[in-house]
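> Here is how the chains run, residue by residue.
Protein chains: 2
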Amino acid sequence: MEAIMIYMPAVLAIIGLIFMWVKRSWVMKQDAGDGKMKDISSHIYEGALAFLKAEYKLLTFFVIGASIALAAIAYFVPTTHYLIIVAFIFGAFFSALAGNMGMRIATQSNVRTTQAARTSLPKALNISFGGGTVMGLGVAGLAVLGLTGFFILFFNYFMGGEWTNTEQMTIVLETLAGFSLGAESIALFARVGGGIYTKAADVGADLVGKVEAGIPEDDPRNPATIADNVGDNVGDVAGMGADLFGSYVATVLAAMVLGNYIIEDMGGDITSSGFNGIGPILLPMAIAGAGVIISIIGTLLVRIKSNDAKEAEVQKALNIGNWFSIFLVAVASYFLVTWMLPKEAMTMGFFTGGEAGFEFKEIEAIRVFYATLVGIIVGGVISAVTEYYTGLGKKPVLGIVQNSSTGAATNIIAGLSTGMISTFYSILLFAIAIWASYAFAGFYGVALSASAMMATTAMQLAIDAFGPIADNAGGIAEMSELPPEVRERTDILDSVGNTTAATGKGFAIASAALTSLALFAAYVTFTGIDGINIFKAPVLAMLFVGGMVPVVFSALAMSSVGRAAMQMVREVRRQFKDIPGIMEGTGKPQYDKCVEISTQAALREMLLPGVITIGFPILIAFLPMLFGYEKVLIAEMLGGYMAGVTVSGVLWAIFQNNAGGAWDNAKKSFEAGVMINGEMTYKGSDAHKAAVTGDTVGDPFKDTSGPSMNILIKLTCLIGLVIAPILGGHTEGDIPHDSEATAVYENREEHSKEIKVEMSSENDKTVAHVEVITTKNGETKSEKNTFTGTEAEVKAKIEALK
Amino acid sequence: MEAIMIYMPAVLAIIGLIFMWVKRSWVMKQDAGDGKMKDISSHIYEGALAFLKAEYKLLTFFVIGASIALAAIAYFVPTTHYLIIVAFIFGAFFSALAGNMGMRIATQSNVRTTQAARTSLPKALNISFGGGTVMGLGVAGLAVLGLTGFFILFFNYFMGGEWTNTEQMTIVLETLAGFSLGAESIALFARVGGGIYTKAADVGADLVGKVEAGIPEDDPRNPATIADNVGDNVGDVAGMGADLFGSYVATVLAAMVLGNYIIEDMGGDITSSGFNGIGPILLPMAIAGAGVIISIIGTLLVRIKSNDAKEAEVQKALNIGNWFSIFLVAVASYFLVTWMLPKEAMTMGFFTGGEAGFEFKEIEAIRVFYATLVGIIVGGVISAVTEYYTGLGKKPVLGIVQNSSTGAATNIIAGLSTGMISTFYSILLFAIAIWASYAFAGFYGVALSASAMMATTAMQLAIDAFGPIADNAGGIAEMSELPPEVRERTDILDSVGNTTAATGKGFAIASAALTSLALFAAYVTFTGIDGINIFKAPVLAMLFVGGMVPVVFSALAMSSVGRAAMQMVREVRRQFKDIPGIMEGTGKPQYDKCVEISTQAALREMLLPGVITIGFPILIAFLPMLFGYEKVLIAEMLGGYMAGVTVSGVLWAIFQNNAGGAWDNAKKSFEAGVMINGEMTYKGSDAHKAAVTGDTVGDPFKDTSGPSMNILIKLTCLIGLVIAPILGGHTEGDIPHDSEATAVYENREEHSKEIKVEMSSENDKTVAHVEVITTKNGETKSEKNTFTGTEAEVKAKIEALK
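Order-wise, the sequence lines are chains S and C.
Under the UniProt record's numbering, the letters of the first sequence match residues 1 to 802, in that order.
Under the UniProt record's numbering, the letters of the second sequence match residues 1 to 802, in that order.
These are computed hints drawn from the structure, not numbers from a lab.
The reader is advised that the hints may include incorrect statements.
One copy or any two copies: either way a pair holds, since identical chains are not told apart in the list.
[As the list claims (entries may be wrong)] With a straight-line cut-off of 27 Å between C-alpha atoms, the simulated BS3-like cross-links for lysine-lysine are: (1) Lys631 to Lys361; (2) Lys668 to Lys689; (3) Lys38 to Lys588; (4) Lys316 to Lys53; (5) Lys588 to Lys305; (6) Lys57 to Lys689; (7) Lys36 to Lys123; (8) Lys394 to Lys310; (9) Lys588 to Lys343; (10) Lys38 to Lys689; (11) Lys123 to Lys305; (12) Lys53 to Lys343; (13) Lys395 to Lys668; (14) Lys593 to Lys361.
One chain only, chain S, in its complex shape:
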């Protein structure tokens, strides 16, 4: 049983994918409605495909370019293997595949939800949530399958499927990092491009359609309306999917890397504990695999019975499924942790900064379980905090509503303050999560707390993707002029979807932040540096630069939306002028032209943010080399940069997402009417107009720049991880285990030099056998010397060698 645990996660992932396929077939078998409904839906479907076509064309070039760069790294760095390129390409491909599947099912479920809503609310929920489930299981299943599959492959290729030593496992995991890098790179394009796409289409369609031509929103005569609806799927479905796909893979990978260091800390061989001697490495994969099955169980619990159910019942049904699956993950974690980790207490190196660098503590397996609990609880609480700051009827949103009565300026100030103040509890929770999970089980604990939190990704994504499907369903009902009760039913689903969208964003940030921390820890261990000391001026300087990048990235994303929207406006104007009969409904608008423009603009506009994301860490790694900086210092500088990006990125993500979400719901509050200064105020009032202004400012915040922060911080840390072998010397064995007879003097500034000293006293004299091992460009030279004399003399000679 124990030996085959390596295959279990892959098997569970395949079960998840089979269930997904069954669910997909069930959704596709549902009635897709008639004439107009089908027509609108197929336009959205075609538009989404047009986006994917254009995106993949461009991304192919990127993947080729990045592969060449990786080949160069593999050529110059002996510990980086060419197989990293294969892993990278498959990571990119799987991420794209997951996005593709999600988009397809979302654009097929929407019209079927509308059709179901004509007769039954429970069935409409089943279909829309079923579409979300397909998306969620596709993402999670592919993530676990890809990661596990490549691990098995590399474990067999590099180590012959048997434990050898931690150095070789490091090569396995470094090569596996390519898969994660590929996934996250595609996520960058999907999230940022998707964010620019959806807001460019949204603003462009509104400006020309509603304002200039005077036709209603979602009118099929507007050439940009399909792009707008496609955009919802591109941003909220595919973008979120790629984001979580990347987080899932990166989290598990980081935990595996840190698991390998536990084995190293325990002496380099724990085969006596079973599981092929790689229990701590398999554990995160096992939890991820279990999470897929648990999510399936969770989705089966999401059911309502009454056709007259209201928001509260629907929300309750989702909550039951969600909380039950989170509870099951905690239970599964308990059994997996206590079963798979060594029975004897594990030795873990806790960094102290003292002379030895590390303090070794005995950690019981149960403490690792506590760390997973920290992740599960913090993930839940952060979602709740997000819901509080962005939820309808809650104090912050009501405050923005009140401030709308005195104009747009006070509405904006209130929204900005809300976003800013919302960082307080979220960041304190992060700080506690880092602190507590580290106190329980070191950085392995941090990584596993992230893994446990991410285990329910399939369920989270199902809940999250259900929102835009219901939203689209409502749009289709409106456009097809179906009876009002249909719209009422989809509105119930849509309203719940808005809440889940906000909490989903909270989940995405929390997971990205914890993932980055785990990657950060993996980076430090990969490079073999003894921490990142910000009291070194160059490291501090890079902390500043890292802090700046998310801010500049956000600025670029926001102004991109403006430029892309203007381009869309010009195209729509041209079509209105050039296509005869378009306004009468006889001429067919060229939807794909708008889709193409939105796609091209999105991909072009995201180039500069992409260059910054990828370019800065590479510059920081290679530029100082030209100036002769020591590799260890450069590794710390890059670490400082990563920390700066993570801290600042998390802050700006929370700020922008919550400000945007709060503005959105402040505007929505006017639909049901709000009490301002003792007077009921509705849509169309001046206060509502002010709220619309706030919502427009919030749009790029919450749908473009805010969510992009997740990818920025993860990708930054992943690039660092891939560069790590160039900067580090993990093969030198950093942590001295045998300290009684041999003292290892290690000059950290010249990391490639290792001096081993063995001292003894003979006839009043001190004798020292000294071995100097120099590692340069992967070649190791050893020089041995024996010094004799008084102790002071010998010490001086050894000193000189350093």
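Fit chain C to the given chain S structure using the hints.
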């Protein structure tokens, strides 16, 4: 000559203060105009005094409370002396005095500028700039006098006026830190309170006066109009003055602390180099003293001749004075550095993180001069970058103007993006400044680069305070219905003042950032920790918390403005209703009621931000102690917090100041008319209205929360510095100098334990004389042991002691 250099800065400061007094008398002798002008001016003057009265009343309680807290620290920490309380009180008093003097002269110069502008532009410039000069010299003179005076006092009190050792000098400097803490605490209230005050009065006066009562801006019938004008002085004059007073003192102090560590690195005694053996400590004071005199020379160069001069000539006159004084500081720095620093190359400890902790490099004095050049150049370039992003007619502001044509939302998005993108060059410049000045001369170089930049503070402040004086002068001209050419002349000065206000903010941020870095370095040396390692999870957690605080602080400041403005609105409404004849001009409005409300609201609203600023570092220092955390780890955690606050604070300061400045000038652009889509657009257009919305959002950004960031980061680092002796063990002599015969094993985790080992070999045996020195609550216990045996045995025994 050399021995009396300790008195020179004080003498130069007194010369500066005498010149200030002469200048003040000259300004006061100028014609203050007639009837209405005098009336309005005296209302503003009285209002300002009313503010000061209320402020000082409240601050007295704060100073008493803080003094008690300091007394508690002095009681429990043996290395903290009670005299720190005296220094603290005087620091607070001097800061308040400088603000008081500045406000008085500014509120007296404005009407005299108006009167002069009736006949002559050159004379109007002379008076308004003369008022600014008085302010600048008052701040700089008091800062240098107070700091030098207390240094002389403590040097004589603790060391008898003669060099003894670095430990005693550390006590001198720790006590002196009280002066800086006092100054910065008052600055917190002045800057934040002033910022809330000015915007509350501004918004309140506009909402009731202009909108409800329909009377023009600055109408004397509006009870809040005086509060509004007082606010300009409170925020732009007193707030900026207190800010720079605090920076000036803190920078010089930090450089002195680091100078003391140079002496320690050089063996603890450099009396052979002259200057009483404290050359590196005196140097920053000498540069500051020289800066006062140089600023006087600079101000004398600010002259225009023609009565028909335009903005360009006025700007040129200011630039000549500014650049010449900066040039003179560079020259003076060269001579002072090469004269006062030891002739032989100095030994400086550069942190490496290796076993020794420090690498010692020989640094020539000239390299310290290069570091000062870095500060001078970066200060200048950052001002230029600020001017680019906020200047009229520059691309960013023109971009916001264009985006105003499509409504308030696009204007807001463009303004936010501008503020965000403006962090790019500024932060890169900081990074370069840290890197370069450190590379030249370690953290002493960083501190001296800040000192050199701050040396022209008097000149900078003169240029900066001249703006609001000219602004007020224009308002008085308008209210007194003087001929249009008077307003035209003051408008020229006001327009130049707007530009200098923006660059002044850039200077204030740059100085605050470099000051914080120098304080950060002083903190690390005070605590004696070997750097701040963010790979320790609790330190990383505190980096996150530190990053969050400036964001939450900004949010609180912004929402405070909203609440305070609402209170003002209610009071004005009450006066309009209750005071008979107020609208006809026969009833006298109760100006001081509004002033009182604005003051009380400002001081009350800034309580929570103040509590956060002061409370967080104290919590981080003391809470983990209850959980038994090691002091050294706590010291690193607090250091991580300080770094987080500094990085995030600098980012948010630049973002908010530049966004606010850009919105302001985008709105101002409409006054002269702007070309939008090929059409000239003016005030009153829809685009202008959108720009007004942006400006209103920007108001609290640039005048309340943005500038407060400076104080937040400086005060955080100063509190850390005052807490440092509690956490650290600097008296234990951290850097082992004598390593040949005695090896100092220092267990950093238990910092209070020091183990000295002397090993020798006798008759095949190794003999070790071991002394364990334990420091606890200031008491030192020593225990001596002698171990004999094989080397391995002896080493194991020593190991066990650790």
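> For each hint given before, does the structure comply? Return the numbers of the non-compliant ones in rising order.
4, 5, 6, 9, 10, 12 and 14
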